[in-house]
Amino acid sequence: VSASVAWLVAAAAERMDLWFASASAAPAAPVLDPLIDDPLLVPDDEVREDLPWLVIVWDDPVNLMVYVVMVLRRVFGFGREKAERLMLQVHNEGRAIVASEAREQAELHVAQLHGYGLLATMERQD
Amino acid sequence: MAELRAVEDGLLLVLDADEVSLLDTLAASVLTRVSTGSWDPHDAILARFAPPASRGDEEVARELRGMLVDELMEMRRGRLTALREDLATWSIESGPGIERRLSRQEAEHLIEVINDLRLALGASVGVESIEREELDPEDPRAATLGLMDHLGWMQGRLIEFVET
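Sequence order for the protein chains is E and V.
So the first sequence is numbered by my numbering: it starts at 1 and just counts up by one.
So the second sequence is numbered by my numbering: it starts at 127 and just counts up by one.
In short, the hints are calculated from the structure, not lab data.
You may find that some hints are simply not true.
Stretch by stretch, here's where chain V covers chain E in the computed footprint (C-beta under 8 Å, at least three residues) [stated by the list, open to error]:
(1) 62-71
(2) 82-94
(3) 114-124
Using C-beta positions, here's what the derived DEER-type ranges look like [stated by the list, open to error]:
(4) T290(V) <-> A102(E): 26 to 36 Å
(5) L88(E) <-> S255(V): 15 to 25 Å
(6) E264(V) <-> G79(E): 26 to 36 Å
(7) R227(V) <-> S100(E): 34 to 44 Å
(8) Q105(E) <-> E129(V): 33 to 43 Å
(9) T162(V) <-> L51(E): 44 to 54 Å
(10) G79(E) <-> R230(V): 33 to 43 Å
(11) R188(V) <-> E81(E): 34 to 44 Å
(12) L51(E) <-> E286(V): 36 to 46 Å
(13) E184(V) <-> A102(E): 39 to 49 Å
Please read these numbers as outputs of a predicted model, since none were measured by experiment.
Positions of the beta carbon are idealized from the N, C-alpha and C atoms, including for glycine.
My request is simple: use the sequences and hints to build the entire structure.
As structure tokens, this is what we get:
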């Protein structure tokens, strides 16, 4: 952090209204747009209900890498090595499949990941 | 400038009065945002706190959002309220250099609420579409991102503490 905290505080105080006023007018974040061509998705007529669901974590520019590792360890009980490998996959490739499981369990995990602030989705496994 | 160091029974966090004030002001702002009682998908901060649960299956995304959005907002309200209540205690008990001993559990709670503040700051300036290397230091968004980074430094040190 190159700027002093005092400067940040002063700048922040001046901009307090701007921060959250501008947020309302901000366009929807591209990262949140649906990915129509996601290769993980299959047409409805090919969906098999007995197939598990994939839980996917997506890269984002705010969450620290160490934070992602911590969250993956907490939510899924992964060892450090596995959590770090998945985090690096998210960082380098934009996303990583972190679980393949029944729908209810996938919903629970996505909810937990959202609670920690990670971008997570679930898709039917092909 | 914040300092964090391990002590015998946990972690010692030392903050400037300005930092305590800033944390409280930020927490109050975000708390107001998540307390509106309605979730607006066009509000970048609220959208970031309850992102789509599917990127392609609108039915799944809609269904899960309906199930989760209240819980996700309530979770943030709880964390932010707890932080503000705690910060008020720090301010009363201490002088300009504010020391706070944190247990591992308290450090974990602080990590989570700092993350909420960082997500809100990032969403407020549309961080995902900013090329930071090309951002003019005079651009007002630079101050917001600088603050996000400063909180990230603090968060990183706290994570280092709880993960070791």
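### Query
Checked against the structure, which of the hints given earlier come out wrong?
Going through the list in order, the structure violates hints 2, 6, 9, 10 and 13 and respects the others.
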